[in-house]
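Residue numbers (my numbering), protein chains in the order written: chain A, 1 to 110; chain B, 1 to 117.
FYI, nobody ran anything at the bench for these hints, they're computed from the structure.
Fair warning: there could be bad hints in the mix.
No more than 20 Å apart at the CA atoms, straight line, and that leaves these computed lysine to any residue pairs for SDA-like [to be verified]:
1. B:K42 with A:N31
2. B:K42 with A:S86
3. B:K78 with A:N30
4. A:K56 with A:S39
5. B:K42 with A:N38
6. B:K42 with A:K56
7. B:K42 with A:S58
8. B:K42 with A:S39
9. B:K42 with A:A102
10. B:K42 with A:N22
11. B:K57 with A:R93
Owing to the predicted nature of the structure, the values given are computational and were not obtained by experimental measurement.
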Amino acid sequence: SQQGEEDPQALSIQEGENATMNCSYKTSINNLQWYRQNSGRGLVHLILIRSNEREKHSGRLRVTLDTSKKSSSLLITASRAADTASYFCATARYGNKLVFGAGTILRVKS
Amino acid sequence: EPEVTQTPSHQVTQMGQEVILRCVPISNHLYFYWYRQILGQKVEFLVSFYNNEISEKSEIFDDQFSVERPDGSNFTLKIRSTKLEDSAMYFCASSEDTGGIRVDIQYFGAGTRLSVL
């Protein structure tokens, strides 16, 4: 299975702190993406990193990818209460299918 | 900003009934997908659709499921005879094609919650 697995399962931090979430996967990939899901809502694309990239930034987001360890991390800097959501990594091997991990529930307390 | 829209937001049905979940993908997108998320579980891929045919499907997508693009804007998922275990949130997604190259980012709708009683 290509499935990504995130850790931690749940993370609770204070506003202004950084949040780091990790994702591991099992097979070779073409790209890895991170999505956010607010409670009961759809998935919002955050950032995509390709298999030949090691790090990518977008605003307060920083993603790293280590293909030798088959792992990725998502760092959210200076977190805000509005960042409270579930975060999922999803891998794409070839073709269209995204394989999602179980997700990390992030709670940012104000 | 363009978005994927799904209707209805919540569908309640009796076991054995047929349901059709509807999606309007982003207008210039050519790749369409259905995923589902059973409560408390991972988001799972069901099927992808391109050029009026299924391009990939998962083991979940058995003969009870079908997809259709009945016109230039809608993309539907039909479940022929619903089972209790079909209760889940169903997400539609679409992605762009630029010059014959598929863009990898998928844009998701807000989902339809299907409750099978």
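Hint check results:
1. Proximity of K42 of chain B to N31 of chain A is assessed by CA-CA distance (about 19 Å); at most 20 Å being required, the pair is judged to hold.
2. Using a Cα cut-off of 20 Å, the hinted pair K42 of chain B and S86 of chain A holds, with the two alpha carbons roughly 11 Å apart.
3. Between K78 of chain B and N30 of chain A, the direct Cα distance comes to roughly 31 Å. Violation of the 20 Å bound is thereby established for this hinted pair.
4. Of the pairs offered as hints, the one joining K56 of chain A and S39 of chain A is violated, with about 26 Å between alpha carbons and a cut-off of 20 Å exceeded.
5. In summary, the hint linking K42 of chain B to N38 of chain A is supported, as the alpha carbons are separated by about 15 Å, within the 20 Å threshold.
6. The hinted pair formed by K42 of chain B and K56 of chain A fails the criterion: a straight-line CA distance of about 25 Å is larger than 20 Å.
7. Distance restraint check for K42 of chain B and S58 of chain A: the Cα-Cα separation of roughly 25 Å exceeds the 20 Å cut-off, and the hinted pair is therefore not satisfied.
8. Between K42 of chain B and S39 of chain A the CA atoms are separated by roughly 14 Å; this keeps the pair inside 20 Å, and the hint holds.
9. Taking the CA atoms of K42 of chain B and A102 of chain A, the gap is about 5 Å. The hint holds against a cut of 20 Å.
10. The straight-line distance between the Cα atoms of K42 of chain B and N22 of chain A is roughly 16 Å, inside the 20 Å bound, and the hint therefore holds.
11. Between the alpha carbons of K57 of chain B and R93 of chain A the distance comes to roughly 14 Å, so the proposed pair stays at or under 20 Å and holds.
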